[in-house]
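Sequences and hints are given; from them, build the entire structure.
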Amino acid sequence: MPKYKGWAGKILRVNLSDGSVKAEDTNDYLDYIGGMGIGYKVMWDEVPVGVKPFDEANKIIFAAGPVTGTGAPCTARTNITSLLPSNPQHLIGDGHMGGHFSPEMKYAGWDAIIIEGKAPRPVWLRIEDEKVTIEDARKLWGQGIFDTTADIAGIMGQETQVAAIGQAGENLVNLATIMSNGNHSAGALGGVMGSKNLKAIGIIGTGSVQYAADREDWIALNDHVMSIIGANNQHVVPSTPQPWAEYHDPASRWTAQEGLFWGAADKPVETGICEPENINKVGYRTQKAVKDHGMIAEDYTVRMGGCQSCPVRCHSSLEIPELENYGVSRYVMNTCMGYWSHYMAMRNMDEKSGFLAKTLGAQLADDYGLWCNYGQLGRDLNYAYDKGILKDVLPAAEYNSIPWDKFEAGDPEFLVDLYRRIAYKEGEISHLGDGAAWLAERWDFDEDYWNDEAHHLWSPMGYPLHHANESNGQVGSLINIIFNRDPMNHSHQNFLGSGLPTKLLKEIAAEIWGSEDAVDEPANYTPMNRAKAKFAKWSLVTCALHDSLTVCNWMFPMATSPLKKRNYRGDTSIEAKYFSLTTGIKMSEEELYKAGERILTLHRAMTVKQMGTVDMRNEHDIIVDWVFDMDPDKKPFTPGTIKMDRDDMEKAKTMLYEELGWDPETGAPTYDKLVELGMKDAALELGKLGLLPGNVQ
Amino acid sequence: MSEEEKEEKKFLQKPTSRRDFLKKSVIGAAGTAVSMSVLGLFTDSAEARAFAVAEGIVISDPTRCTGCRRCETNCTAINDGKAHPYISRVKVGRNYNFGENGPSIAYWNQNGNFGDFTIVTETCRQCEAPRCANACPMGAISADSSIGARVVDKDKCVGCGRCSVACPYDIPTVDPEAKKSTKCTLCGGYPTCAAKCPTGSLKFVPWKDVELALVERENLIKNN
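Just so you know, the protein sequences line up as chains A and B, in that order. In this text, residue positions in the first sequence follow this note's numbering: the first is 1, and each later residue adds one. In this text, residue positions in the second sequence follow this note's numbering: the first is 1001, and each later residue adds one.
No lab work stands behind these hints, which were simulated from the structure alone. Just so it is clear, CB atoms sit at the ideal spot from N, CA and C, and this is done for glycine as well.
Some but not every residue of chain B turned toward chain A, in silico, with C-beta under 7 Å:
1. Arg1069
2. Gly1093
3. Tyr1107
4. Trp1108
5. Asn1113
6. Pro1176
7. Lys1196
8. Cys1197
Chain A regions said to be covered by chain B (calculated; three or more residues, Cβ under 8 Å):
9. 261-274
10. 277-290
Here's what the structure looks like:
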């Protein structure tokens, strides 16, 4: 029996090499909460330095936290941890997906699934509550994700939730996804499943997730969140002027308005005025199709969609008959980069062809299980094409077999050819799927690839910026240096993009981080200060916490709200309330943040251990040159530029390291900090390896 | 085992879908033809006891449901004090990916998230002659005095599951943890699922409007 409520109490360990299946006790991991925390702890304890992502000795951990499955708003994330194939040093990292997978895992009685070893032939994992079997997947191997999911549901039952890889993962493409529900994908780790000959995991769970709170308190908490909640990314003002709204912001994802419809629904559905606190309209606030595609998408919109438990529907479901001309279904669903990355792999498009490229690309990539590296794959193609590199590196016969005429003409059909080549590793061009760092080395890209802002690279580790210096200067920049892939961190972005005037955001910033100076006007930055370091720390810690609880970092923390009566204040203690009312362990916001710090610091410690150096500042936390050299006519901290200053950024790193209790010089976790966070074993291990700052033994 | 016994055994097995049920019940129920009309299953047996009708039922508008399944956990929060979609009286998850008939060979043109995006949410019809109540060997299901919902008396219920087998919509579900059947109580007239539905897809429909609402629902589900 689980010690506390919330957790299912058991972790499933499957060894594909010897076919063994074991249940372990979640209680051993409670300090790490769940999700990402369990993933890091397992990797730290069990995967030695030097193991490569596709080695049999690598492991992959699917995990959720105590709050997942409770039905509390925005709690259906799945965190997947392993070694990153696209990272040039194969450092630890995560992919994350929403959908319905991890709640089902919890209902089946499992907090996490640890996959280790390698099956001798293709298999899939069948989980029906406590009954777990390893099934033959030879008939599924070679199929796309959609068919695989349907086949497994055909075998297990229509209610099955499936996480699967497509051909890209099977063929060990570094940029491959793991996918559930057809449109919720975890980037980066599909190849790891492929390397283990694991095609899919199917789950049916008939049990419950329990919470400690009595039902009235539980429902009151849910109602409270439903009043604080905004639109997608916790945008709390509408995009157009509305009778109830004091503010509006055209950039807001609260796009609902009179006259804006889900235009392809079987009968008209108007998004309309969705005033705050009207629970029955929260799901209409974000008309994401027009946000992602423009007004052209309104007439193709069937509905919105998204994750289990979440009232904010951030995926758009479209019916586009023209897609059938390309041999794919007319029904397509995705969001944000799941659409946009395909546009980035094209050129010379008009509104309609751009719309078709985004949606056709989504169908193809989601079935192949191909990951875009947050849009970088398409930019890499365009870079190599424009520089004439492809003519050099591709054999002439291969080059000539690629329909460049379609590429030049902005014909979306180009993607049918391109994505097949990458997913099946056909020819030299398929190395676009290796990831930017590997590709730049293989194709000998010039320095300008890294140093021209047009290519969006952020780190020499081959990932692009993801809400970095354009998001409050040093704050976004710091958030982009800590992880080993693009940071997948929206804590700061949700706050900055809320749509409220900067003056109000500054007031709220002062309440949370001690000074209004934590927030600058957009593209009008001030030099680094302590409050910005606190803001960056808060963003990093809450992100680690969210991926461990597991709640959605695209909605939390809810530092702002749409409620004028609260003076637009949100409630940053919701996560602590979720945790306390779910588990029965009383935990304050500060105490819970400490757990987030523990998880973030373990990630850092693992990175130090893998890299074999404490000098994170100079070896890991590196930002490419364009960030400091852009806008040559402008100086940093002048209006109209997001240019950063090198010395100021070093100061920013120092302040962040100090805030996190890491060594201010190197940015590595100190012995004292590790001990304070309850990780003395990790401190001792690093000490033995000579990997504590100042070389403390 | 005789053919007849085999058929009887098959009939007692839990049908996997409503279509399955119709097929099985046509064969199994001593030759009684089952009407395929929308409301036919409300009163499909001459011997069945009928109760006074409920004040209304909860119905989902398939064009507005986005499949968030908040109704399922809200249902079990108020009724059971836990999160347990499997026993929710509103059933969204099981049809979420592939619609009510499960994955077919051409799933992309069927209902569900892998198809035309129509989410087929199943709710209790509070039938006039409820098969669940008539099938219950303990007499544990009856109309409550306030709103007429057909409710399970937990003290009488032995968790045998005959109500689940009998229901054409697979609504009553035996809680594998409490070993008692669960079915829609209409939450005393203020169904939580509808009150907290983020798109207002679920609505409490007065009995006089039920037939029309169900016909429209069926048409929207079929009309890909």
